[in-house]
Structures are given as C-alpha cells and as structure tokens.
Amino acid sequence: MTFDLSLLARYAPQLLKGLELTVVVWLAGCLLAVVLGFALGCALLSRHRVVTFPVRCYVEFFRGTPLLVQLFVAYYGGPSIGITLNAFTVGVFGLGFYGAAYFAEIFRAGFASVSAGQIDAARSFGIPRGSRIRRIILPQMLVLSVPPGITLLIILLKDTAILSIVTLPELTFQVTGMTIETFAFVEPFAALAALYWGLTELVAFLGRRAEYRLGRYLQ
Amino acid sequence: MRAAMSDLLHILPPSAFVLLLGLITTLAVSLLGNSLGLIVGITVCLMRLSLNRTARVIAAAYISFFRGVPLLVQLLIIYYFLPIIGLDLPPFFAAVIGLGACSAAYQAENLRGGFLIVPRGQAEAARAFGYTAAQTRRYILVPQALRAAAPALINEMILILKASSPVAVVGVSDLTRESQNIVARDLNPIKWYLIAALIYLAINLILARLGIAVERRLNVGHGAATL
Amino acid sequence: MAERSNGEALLLSVSNVSKWFGDHQVLNSVSLGVRRSEVVCIIGPSGSGKSTLLRCMNFLEEYESGEILIGGKLMGYAAAPSGRRVRDAERNIDALRRGVAMVFQQFNLWPHMSVLDNVAQPLILVHGKAKADACAKARAVLEKVGLGDKIDEYPLRLSGGQQQRVGIARALAVEPAAILFDEPTSSLDPELVGEVLQVMKQLASEGMTMVIVTHEMHFAAEVADRVIFLDRGIKVEEGTPNEVFFNPRNERTRRFLETWAERNSLFAKKRADTVQTPVVQ
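Protein sequence lines, in the order shown, are assigned to chains A, B and C. So the first sequence is residues 12 to 230, counted in the numbering used here. So the second sequence is residues 13 to 239, counted in the numbering used here. So the third sequence is residues 137 to 417, counted in the numbering used here.
You may find that some hints are simply not true.
[As the list claims (entries may be wrong)] To give a feel for the contact side, a few chain A residues facing chain C, derived at Cβ under 7 Å:
hint, residue
1, F14
2, D15
3, S17
4, F122
5, A123
6, S124
7, A127
8, G137
9, I138
10, G141
11, S142
12, I147
13, Q151
14, G226
[What the hints assert, rightly or not] Result set (BS3-like, lysine-lysine): computed pairs, CA atoms no more than 30 Å apart in a straight line:
hint, chain 1, residue 1, chain 2, residue 2
15, C, K273, C, K209
16, C, K337, C, K280
17, B, K174, A, K169
18, B, K174, B, K203
19, C, K273, C, K286
20, B, K203, A, K169
I should point out that these hints are in silico values taken from the structure, not numbers from a laboratory. All values reported here derive from a predicted model rather than from experimental measurement. All residues carry an ideal CB built from backbone N, CA and C; glycine is no exception.
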C-alpha cells in the first residue's frame with residue numbers, strides 16, 4: 012500500500028478551509044457555551060425553585076440527549092416553524108447550547124467547592140456580599156473550573172465533526188468529500204485523524220500550562 | 013419470538029414499532045460496545061501500569077489517539093477499513109468495534125483511577141504472603157479496582173449511549189436512524205426528533221438511577237463525576 | 137495581666153441566649169459579659185456549644201432567643217413594627233462585625249492571595265483604606281507577629297503555626313475592639329502551638345479584649361481574667377482561673393478538669409501544689 016502525498020497536496024486548500032471552519036465554529040460555540048453556562052451555573056445557586064427548576068430541566072435535556080439529535084431538531088425542524096437556519100448557525104448554537112449545559116454544572120460545582128470557612132472569615136470581617144463574591148469566591152471558583160473546563164472544550168472540538176452530518180463543510184465533511192472523489196481511503200483519513208489528534212493534544216497541552224499557572228498557589 | 017413480534021406490530025402504530033426496534037439496536041450496540049470496551053480497557057490499563065516500557069508507551073498512545081480523535085471519524089475509518097482487510101461485517105458489528113475501541117481508552121483511564129485508589133498496602137501485604145505479581149493483580153487489585161470503578165462503568169454506559177447516535181451514519185439502524193427514516197416518510201421533523209431525544213433522555217435517567225442504586229449497594233463512597 | 141476595670145460598660149454582652157439546631161438545643165440561656173481589656177476563656181467538652189456561642193457573637197450563627205449586644209447595640213436583629221424581631225439588614229450586621237474580629241481553628245486564610253493581601257483585604261474592602269495604606273498597615277502587623285519575611289508567600293506554603301499567626305495579624309490589622317478566638321490552636325501540631333500562644337499572650341498583655349474558646353488549660357490559667365465552663369449548652373461555672381481550675385464549685389466542672397488533668401500530669405501537680413496561691417499576677 013503506497014501513501015500518496017501528492018493527493019493530500021492537491022486537496023490541501025480544501026482541507027485547510029475545512030480546518031479553518033472547524034476552528035471558527037468551535038471557538039464561537041465555546042464562547043457561547045461558557046457565557047451561557049456561567050449564567051446558568053449562577054442561576055443554579057439560587058434558593059428559589061422557580062429559578063432552579065427550569066435551569067435544571069435545560070441542563071438535564073441538553074446533557075441527556077445526543078448532540079446529533081439536537082442538531083436534527085434545529086436544522087431539519089427549524090424550517091417547519093418558519094426558522095430556516097444555515098449549517099453554520101446551527102453548528103454554533105448547537106454546540107453552544109449543548110456545551111452550556113455542561114458548563115453550568117462545572118461552574119455550579121466550582122462555586123460549591125470554595126470552602127465554607129473562607130466565606131465565614133469574609134463574613135466575620137463584615138465584608139459585604141458583592142465583595143465576597145468578587146474577591147474571594149469567584150477567583151477560586153474560576154481556577155477550580157479550569158481542569159474540567161478544558162476537558163469540555165476538547166470534547167466540543169471533537170464534536171465539531173458531527174456537524175458534518177448536517178452539511179457544515181468543516182474538516183470531516185471535506186475529507187469524506189475527498190474520499191468520494193478520489194476513491195482513496197488511507198491518505199484522507201490518516202490526515203483527518205492526525206489533524207484532530209494534533210489539535211486536541213495542542214489544546215490539552217495549553218490547558219495543562221494554564222492549570223499550572225493558575226493553580227500555583229495550591230501547593 | 014416471531015409470533016410475539018408480529019403481535020406487537022399489530023398493537024403498536026408502525027412508527028412507534030420502528031422506533032422501538034431502533035431503540036433496541038441502540039441499546040444492543042451500546043451494551044456490546046461497553047463490554048468490548050471494558051475487556052480491551054482492562055488490557056490497555058494493565059499495559060499502562062506495567063513495568064515494561066514498550067507496553068506503557070503503546071498503551072499511552074492508544075489512549076491518547078482514541079480520546080483525541082472524534083468518534084465519528086473512528087467509525088468512518090473502521091467502516092471503510094474493514095472491507096479492505098477482507099472483513100465484510102455488517103455495519104452493526106463495525107459499530108460495536110468502533111464504540112468498543114473508543115470506549116476502551118476512557119475505561120482504561122477510569123480503571124487506572126480505580127487502581128490508584130486501592131491502597132498500596134494491600135499489594136504489599138499480598139506480596140508479603142508470597143503472592144506472585146500476577147496473583148496479586150488477579151485476586152487483590154483487579155477486584156477492588158473494579159469495585160472502585162463501578163460507578164464510572166455505569167456512567168460510561170450512559171456516555172456510550174449518547175455517543176452512539178452517529179452510528180446512524182455508517183448504516184446502523186439505531187434509534188437516530190429510524191427517526192430519520194420516519195421523518196423522510198412522515199415529515200414532521202420536530203415531533204419525531206424530539207420524541208427520539210426524549211427516549212434517549214428517558215433511558216439515560218433510568219440508567220442514572222440504576223447507577224445510584226448500584227453505587228449504594230457496593231457502598232463505594234467516591235462521587236464519580238458525571239459529565 | 138491587665139487589671140480588671142470594675143464598673144465599666146460591657147463591650148460584649150450576652151444575655152440569656154438560647155439556640156436550637158432543629159430539635160436539638162445547643163445553647164441554653166447563656167449569659168456572659170466582657171469588659172474592655174478583659175481576657176475571657178471558654179472551656180468545656182466537645183459539643184458543649186462553645187464554638188456556637190462564639191459564632192453567635194459575630195452573628196455567623198443566628199440565635200433564637202436572648203440578646204447579644206456589641207458596644208450596646210443589638211447584634212443581628214431589629215425590632216419589627218409587629219413587635220417581634222426580624223433579622224437585621226445585612227449592612228447593619230456587617231457594621232457591627234467591623235468592631236469584632238475572629239481567628240478560626242482552620243485559619244480560613246484566602247489561599248489565592250498572598251499573606252500580605254490576606255491581611256490587607258479587610259482593610260480595603262470594609263474599612264475603605266487605599267491599597268498603599270492598607271499594605272503598609274498589613275506589613276507592620278505582620279512584623280509584629282514575627283512574619284515580616286513571609287509577606288509575599290502564599291498561605292498554603294506556610295506551616296500551621298505561621299498560617300494562624302497570619303490569621304491573628306489579619307484580625308489585628310482592622311484594629312478591632314475585641315478579638316474572638318475559636319480554638320485557635322486545636323488544628324496545630326503540638327510543636328507549633330507555642331508560637332501562636334506566645335502571640336496571644338503578648339496581645340493580652342497589651343490590653344486587647346479577647347474571648348478565647350480553647351482546650352489549652354495551662355494557657356487559660358495563665359492568661360485569662362475570667363474562665364467560663366460550658367457543658368451541653370449551659371454555663372456551669374464562671375470565675376477567675378484560680379477559682380475555676382483549682383477550686384471549682386460544680387461537680388461537673390470538677391469531673392471535666394479531672395479527666396483533663398489525668399492526661400496532663402504537670403497540670404495535676406501544679407494543681408495540687410498551688411491550691412490557694414493566686415495565678416494571675
């Protein structure tokens with residue numbers, strides 16, 4: 012079996028376009044997921060059931076159902092209620108809403124992990140609630156959220172491949188197209204696997220650096 | 013069996029029946045994939061913890077690869093690859109292999125966590141009594157590691173179930189695929205895809221409850237972080 | 137030790153305070169008064185409510201009945217129009233908390249900030265000091281407790297004794313009217329207890345008003361102006377260290393001290409030797 016590099020060279024522009032789209036959708040989706048997830052995570056801390064119940068339902072639905080089916084609802088179901096979304100929008104919002112459910116749990120757990128004793132100390136000095144949250148709780152909660160957060164970001168990166176099923180021309184879509192055209196199998200898929208592997212290892216590496224930097228005060 | 017199936021066909025509306033078949037396929041492929049993943053995962057885990065450097069490197073590479081490449085890509089590779097090496101398996105078995113290989117990487121890591129929890133002193137006590145390394149592993153370490161990792165295993169089942177939906181793309185008639193088929197005929201995509209989603213959700217909630225019950229039974233105190 | 141000043145207004149006043157956790161009564165009509173520059177030690181078995189009483193004083197715990205007054209003002213509650221009392225507004229509670237600082241058994245330092253920032257933080261956030269002033273004050277106080285060279289370290293890198301001294305510095309920095317100590321040495325390895333007690337002795341000799349929940353009987357005997365024995369939520373005995381340790385009136389006090397003294401023969405010997413000799417000079 013020979014490995015035809017010239018094949019890859021010929022299709023490089025397409026593959027790079029796919030790669031670019033993968034990264035763009037991923038970053039946009041992650042941004043939405045983090046921001047929305049943070050809001051939901053804070054909501055889960057509320058003492059009022061009126062607030063926590065709907066958020067709980069959201070989190071359970073988006074965590075308990077497959078991403079692919081969620082995308083089908085949006086992409087194929089949208090037009091029937093008058094909202095026709097293109098694949099990119101479905102991709103970003105699909106990843107965003109899905110990821111937000113996971114981030115909500117991560118942030119909620121992060122808040123809960125800040126030890127009660129530290130909050131006691133802050134209260135004992137008469138430090139008001141706003142300052143307590145901003146200076147004592149939030150900084151620590153964010154550092155605690157980084158390890159599971161990075162793991163989730165990597166999962167979302169891999170899930171961009173699923174977007175190819177709803178016709179988003181990202182990397183996997185381009186490669187399957189290439190396979191159909193050239194009847195080659197080894198070169199395209201080797202490249203595909205290698206690219207994803209490289210990307211995820213890169214993000215994992217950067218994540219470990221960030222963890223180290225942020226967590227230095229924790230012996 | 014056939015008689016029961018045709019009876020069922022008469023009672024249920026056709027769409028519901030089709031979804032039921034899809035669900036059964038999904039459960040079957042997930043369960044088999046999970047089991048394969050456990051067996052391969054134990055092997056990879058032992059390699060990862062072995063004293064042999066080559067074994068450790070191979071295991072680490074395996075784990076890194078199967079956790080770093082999307083499942084869909086892995087399924088496509090196996091789907092296209094098997095015919096090339098002459099294995100003309102139906103898509104169902106290709107999917108089981110794909111899910112199993114991927115799951116093995118995660119299960120290897122879960123088991124490693126389980127091994128790390130088992131206190132070192134137990135292995136030392138076993139060696140002091142004259143157990144060989146292999147005996148120590150088999151009778152002392154592996155059972156306890158499995159016990160510690162039990163909640164993670166159930167969690168893995170839930171994750172595989174959700175992750176299994178792309179097998180629809182490689183020709184397996186699972187729940188997702190069947191719902192696609194219904195929509196192709198029946199239209200009404202929102203209704204059918206939401207129904208499929210809710211079925212997945214229901215199964216996951218049942219499994220989660222099961223997981224809690226098992227955890228309580230085994231009295232394992234560690235909170236397995238469910239993602 | 138600082139002399140007791142008679143006839144002065146009480147800095148901290150606890151009157152008939154009772155508290156329940158669900159059905160379980162933790163404090164039963166406890167009363168206590170603390171004057172300026174007094175050192176009051178609270179002793180008693182585990183579960184006697186000592187820490188709970190202390191935490192009620194700065195309203196980290198609510199109390200169901202009775203009154204706690206800080207500088208004459210009711211802590212934690214305001215009279216509602218209906219006559220029954222309701223939980224006071226947070227800013228009123230916080231305002232009263234500013235006069236009373238606390239040192240915790242688990243230190244409760246903020247791990248994501250340096251030692252200097254830990255001590256300066258309350259000054260900045262509550263007392264409105266500018267960062268430069270707060271840090272200058274923090275440096276001075278840290279020097280005082282002997283940690284001048286550790287100001288840029290992070291709390292988790294320090295030993296237990298050092299962390300607790302930072303905790304004391306943090307309390308001192310806000311110049312409180314009184315400091316509450318909740319078993320300050322109970323989490324420390326034995327060889328680190330001394331350095332913390334040393335700092336506390338110095339504070340007492342300088343006239344700081346202190347309420348200390350402790351198991352360190354030697355320390356209480358040496359430093360306290362008054363000792364209070366709490367058992368199952370009831371104030372069983374109150375008096376000078378001499379009275380409580382060497383001449384207890386109540387049987388329960390005697391039994392508690394005997395159990396403790398058996399495990400500390402030095403104290404038992406001292407007790408036998410010095411029945412009538414005053415300890416406080």
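Cross-check of the supplied hints:
no.: 1; hint: F14; result: violated, 51 Å
no.: 2; hint: D15; result: violated, 54 Å
no.: 3; hint: S17; result: violated, 54 Å
no.: 4; hint: F122; result: violated, 14 Å
no.: 5; hint: A123; result: violated, 16 Å
no.: 6; hint: S124; result: violated, 12 Å
no.: 7; hint: A127; result: violated, 9 Å
no.: 8; hint: G137; result: holds, 4 Å
no.: 9; hint: I138; result: holds, 5 Å
no.: 10; hint: G141; result: violated, 10 Å
no.: 11; hint: S142; result: holds, 5 Å
no.: 12; hint: I147; result: holds, 6 Å
no.: 13; hint: Q151; result: holds, 5 Å
no.: 14; hint: G226; result: violated, 10 Å
no.: 15; hint: K273(C) <-> K209(C); result: holds, 28 Å
no.: 16; hint: K337(C) <-> K280(C); result: holds, 13 Å
no.: 17; hint: K174(B) <-> K169(A); result: holds, 14 Å
no.: 18; hint: K174(B) <-> K203(B); result: holds, 19 Å
no.: 19; hint: K273(C) <-> K286(C); result: holds, 15 Å
no.: 20; hint: K203(B) <-> K169(A); result: holds, 28 Å
Comparing the model with each earlier hint shows violations of hints 1, 2, 3, 4, 5, 6, 7, 10 and 14; every other hint is respected.
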